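Here the protein sequences come in this chain order: A and B.
Under the numbering used here, the first residue of the first sequence is numbered 1, with each subsequent residue one higher.
Under the numbering used here, the first residue of the second sequence is numbered 1, with each subsequent residue one higher.
Just so you know, the hints here were simulated from the structure itself, not pulled from any lab data.
Since we're looking at a predicted model, the values are computed, not measured.
There's no promise every hint is true.
Stated by the list, open to error - Chain A regions said to be covered by chain B (calculated; three or more residues, Cβ under 8 Å):
1) 163-177
2) 234-240
Stated by the list, open to error - Derived CB-CB ranges, DEER-like:
3) A:Lys266 x B:Arg14: 24 to 30 Å
4) A:Glu159 x B:Glu810: 32 to 38 Å
5) A:Gly111 x B:Asp227: 34 to 40 Å
6) A:Lys266 x B:Asn166: 43 to 49 Å
7) B:Glu757 x A:Glu159: 48 to 54 Å
8) B:Asp227 x A:Lys316: 41 to 47 Å
9) A:Gly322 x B:Ala156: 45 to 51 Å
10) A:Pro232 x B:Arg590: 31 to 37 Å
11) B:Ile335 x A:Pro232: 29 to 35 Å
12) A:Ser375 x B:Ser838: 39 to 45 Å
By construction, the Cβ of each residue, glycine as well, lies at the ideal position given by its N, Cα and C atoms.
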Amino acid sequence: MMVFSSDEPKFPTKKLFEKTTHLMHDGLNARAFGEFPKPEALGDARWTDDLILATWFMAETGEVPENFNYMTGKSGGGFDRLRFKFLAEEQWLEHGEHLDTRLDLNRRDDGRQQLTPDLPIYGGGMSYGSVSLNVMLSRARNSVKWNTYMSTGEGGYPEELYQYKENIITQVATGYFGVEERSIKASPIIEFKYAQGAKPGLGGHLLAAKSGGDVAKLRGSVPFVSLFSPFPFHSTYSVEDHMKHIDWVQTINPEALIAVKVSTPKDVDMVAVGSYYAGAHIIHLDGSYGGTGAAPEIAKKNIAMPIELAVPKVHKFLIKEGVRENVTLIASGGVRTADDVAKVIALGADGVVFGTSDLVAMGCTRCANCEGGPSGRGCPWGLTTTDVELQEWLQPDWAEKRLDNYYIAVQWRLRDIMRKLGLTHISELRGRTDLLRYVSGDES
Amino acid sequence: MPPLNPKAILDARRRLTRSLPKIEMNDEDAAEGGCGVIGLACEIPVAGRHLHDSLAQMRNRGNGKGGGVAMVGLDPAHFSTTAEVLENSFLVAIAYVDGAHRAAVEEKYIHSAYEVDHIHEVPTMENWEEELSALEVRPPDVVCYFVHPKASGLEAMVAESGLSPNDFKDDDAMAQEYVFRNTHRLNVEFYARNGRADAFVLSHGRDMLILKIVGYAEDVIKYYHLDDVTAHVWIGHHRYPTRGRITHPGGAHPFGQGIDVALVHNGDFSNYVSVTDYLAQRGMEPLFFTDTEVAALAFDLHHRVYGYPMEYLIESLAPTSELDFVMLPEEKQQIYLQIQQTHIHGSPDGPWFFIIAQAQAKGHHRLIGITDTSMLRPQVFSYQRGEVGIAFCASEKQVIDAVLNSLASEDKRFWRHCDKYWNARGGSYTDGGAFLLDVVKQDDGTFALSMSDKFGRTVNTSPEGDYSLVSAALDSGAELPFSANPDDIYQHAVESLQTMGWGEALAMVSEIAGECSRRDAVKILQRLLDRRYPTGTLRRSRWLDIVEHALISVLMSSTSAPCGDFVGQKTLGHRPKPVKPGQAIVVDARPYPIEGVESLARELVALHGEGWRHFHIINCRGHRFIGNGMGEDTGDVSIDVYQSAGDYLASGNDGMTIHMHGNGQDQIAQIHKRGTTVVHGDVGQCYGYGAKGGRLFILGNAAGRPMINSVGGPKLVVNGTALDYLAESFMAGDPLDKSNPGGFVIINGIEFSAKGEITELETPYPGGNLFSLSSGGAIYVRDPHHRLSSSQLNGGEFCDLGEEDWALVEDMLVENQQHFGIPLARLLTVDGEMWAPSAVYRKIIPLKNKALSVETTWAGEHR
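From just these sequences and the hints, can you work out the full model?
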């Protein structure tokens, strides 16, 4: 079953592959188009069955669905209790390309390049090993299309990604897996990952079965031995060390923008402002509720501060310090939909990072079986796996199209929100909590 | 002498705190931060200007939002007072952020509380806005009040507080508590209440003073005209608060809450709230809301109220744990356990390094350096013992050398190398992670420096060897064989040195520099600088200073007179082209910033782009990232680095050969991929973090956390030892796998005597965390007497050393011999006899835990 030689895999055969993927895609579509009733076990309160099916619909058609709620979940809190205060219908603007959804990533005015993705969204780090190379390639190609970026996560920079290097963010995280001068030199953005909202204070743990073959080779480890990323940077126990970190990558690549990804502890505002003064262009706050099924449930739901609380806290603090206009604030951790994107921007962020949403667009069912049960082979849909057989179920040509369609629908909805609020540039929405309202009880 | 009565004192403090308005922390007050620190203690008074360069070179550890100095052992003339007043009166230094409040402060808290013996206004720089470009906020006016408590004030304290003279061991102790309480009241009213920050007490003690500003520490020296002001003990501190809008220096270091004490700190506590609660239970309330303030309060509490000896005080701050605790004598274990159980909530948790200056008693000045149990902040200790003794503790070696450079340029009793540099082992049974540097006045009026560790054991700071230079002789008499190869000349020089005085030795160095070709001279002098050998009757550190100076001069001469082998960079950014392969460029680091786009490291990248492949970097002053940014496939590049290189040397090396001729700093060889990196000395923290490959050699010791998270196939020889956490989470494959060989670390556990002889350390590895959580690779440790036990492993196990293993080890040790002159045969010699390799070296491999075994079996079946 496991293939270690460089021989072509004998299995799956072309015929089997075509049959299986055809059935899988049909299945996604049949449900997204309402041909079958909603599966009873699909989704949870945060990612409801409606949201998942809506995302599949958008990924197939590039349009928002009529039959599913594609805007909010049923978590009973956070984004799901926020609504927009839309203008009266006669004041709505025309929908169209004049509604600008672009995001400036460099606000430091330091002579470095300006990077302006078409959407206020870029792809969060999911490492080679935690997801398949095909997933990475699909996201990378979609990033090229949308003039945006995708983080490598902490599993190294696979050779196949270099062709898209203008759109790849190298992540430097606590284990330094795959971080080398070549990858730092190649990247327009270097991302320091200090913590993840899904598991702050915990390190990464790539199970043995997922760290075989090419994964181990890229990381330089023993095949099929569990790999740990420590929870701290052992070289960074102070903000002065953090500045040294930033100075270090800038010695290697003076042009790159610096993103600092942190979780959302109580003093997240201090962390953010410290990162800014240390030289960060992008402060990326990763709140709780993000993370795949591989992150421990108890950590995802109990440690970090929800992003809906962290973003306004940091936004206000940066304003108070007088540096808000000099730094890009990015939010992630449970940002699922275009509506969530707009809401978190209204709370004070400049843009967001997508992780799970990308996976759902590519067919993730949120079954939380990312590690693949006892076999440890990983995701049965070929997403969070590097199993040579399973990863074939997801092919970049198909997945790239799915992501593109999904982003088209997200952009459409973002513009829809903007026009109903009378805004022509997404940046005008930032910090406009006055355009939000809180709903309670049944209304949510 | 009545016993101490801490209960009465703390009860009184509780009443005091209750009687004052409650101070709530607001957002404005909070600021976390990192720092850069240096402290020194010297037998002669040292002028402030000698700290200037040192602090300027450490700016990158602060951000200009807080700087300060502390001085102990002052000169009365600088305060226009008498020695008697200086020794006997409390020096209460008050910072007036707003000078308008001076009259009110003096009326309420000086004249009504104290008999005033003398008032001194600290002079300030008037045109600071032009002179001190980094200074954005006007520093406070500082007035020094030399006072002693009014009798009526003491009576009032007794009446209102419930304290009686019987609660104190003597009148002085009662006076100290009086001063402490008066200061607290003043700080509440004029600083903390309603966040007004108009005035506060900088320090209150005898013969000691703290000054601090919103700015860099060297600007304190300039602003308050301290260039010529002297002290026996100095601390300098750069603060790096995370916030930018800081308008008053209350949060800057040092903190002077303790009587007679100044405390600085690098790091953050994660249990600030817990320590605050601990203090609140004892009637104390922080007013400045930084973790350093509560540390200062806790120190004062333990020292002055509980009367703990220094050893117990240090134990309460940095508890001994794990294996180190077990290694303590039983009676110590019992006491330490009590201390830990009683005071754990007041014990700062997290990364910190404290430097504390203390006026102990008349003519007794003390400096203390303490590192946290896990050694999470950088720290270096050192001393130089010439005619004048001086000792240091600091964030990095280069800032110590900067002070010595400055001193040596004015005073021939100093030279530019310490006799010894080392790192403390936090919370350990070996040195306790703390050293006390005491300068004590002798009967003849001079001062004597001594040094002791946490346990009170004296550190021998008097190495052998003559340090009194004389003029160079006309001829060394060594008759060096100049036509021979450099190795032979080196050997001959070492042999000749054994019988030389300074006159001949200096002449010999001149002869090498003058008579040999530049290429040979560099080789010989490099070797004289790098190798460990007996230096005859001469003091080794002073000899190294001479050799290094000669070597730098030879290299520098290639600036005005380039040759086929060496070309010196003439000016900043001068980038000639090499005229022949193998030609090296000599770069003087001094004009280049330590980091940033204009830095030395970037200049080297630019020179590499011009075709240069061989580099000699001289006059390093903490320059960071040397060798970084060179990119892939740099197998044809060599870099030789001299003096004090900064952090991240050789990080990301992808083929270069890098020699550090002396001690290295922190984070060397991070993500090292290929090539060879040789450090002819010790290395600092976090060596080889995430290393992926290459051949690595360290002559001396590695500080904490070397080779963490290494993968791939890095190979390292440490000839000394590592302080702790060596090769944690090591994942570097299997060294014996022929097709894809993994990595390993060899620990030799040796040191060199003053005579240059190899001796065995007491244990090759003193820590309790060797190879923790490892999943790949191996450790080979020279441990013929089986001093290591499996209790030191946490995820590893001992196994037999096979022939294949020895082939790997031998290969590295052969190269080790070439770099350091440590004979392989000597390493295999135990108690005078040659032993079999498998009896000398032990192998440690990752423990196959149950879960991993299942995984491995599963993987094996599917191979």
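The hints, checked one at a time:
Counting residues of the segment 163-177 of chain A whose CB falls under 8 Å from any CB of chain B gives 4; the rule of at least 3 is met. Beta-carbon proximity to chain B at under 8 Å applies to 6 residues in the segment 234-240 of chain A; the threshold of 3 is reached and the given coverage holds. With their beta carbons about 29 Å apart, A:Lys266 and B:Arg14 fall inside the hinted range of 24 to 30 Å. About 35 Å separates the C-beta atoms of A:Glu159 and B:Glu810, a value consistent with the hinted range of 32 to 38 Å.
Between A:Gly111 and B:Asp227 the Cβ separation comes to about 38 Å, which falls inside the hinted range of 34 to 40 Å. At roughly 46 Å, the beta-carbon separation of A:Lys266 and B:Asn166 lies within the given 43 to 49 Å, and the hint holds. Checked against the hint of 48 to 54 Å, the C-beta distance between B:Glu757 and A:Glu159 comes to roughly 51 Å, which is consistent with it. A C-beta distance of roughly 44 Å is found between B:Asp227 and A:Lys316, which places it inside the suggested range of 41 to 47 Å.
For the pair A:Gly322 and B:Ala156, the supplied restraint of 45 to 51 Å holds, since their beta-carbon distance comes to about 47 Å. Taking the beta carbon of each, A:Pro232 and B:Arg590 are about 35 Å apart, inside 31 to 37 Å as hinted. One distance hint, 29 to 35 Å for the beta-carbon pair B:Ile335 and A:Pro232, holds here, with the actual separation near 32 Å. The hinted range of 39 to 45 Å is satisfied by A:Ser375 and B:Ser838, whose Cβ atoms lie roughly 41 Å apart.
Consistency note: the structure conflicts with none of the earlier hints.
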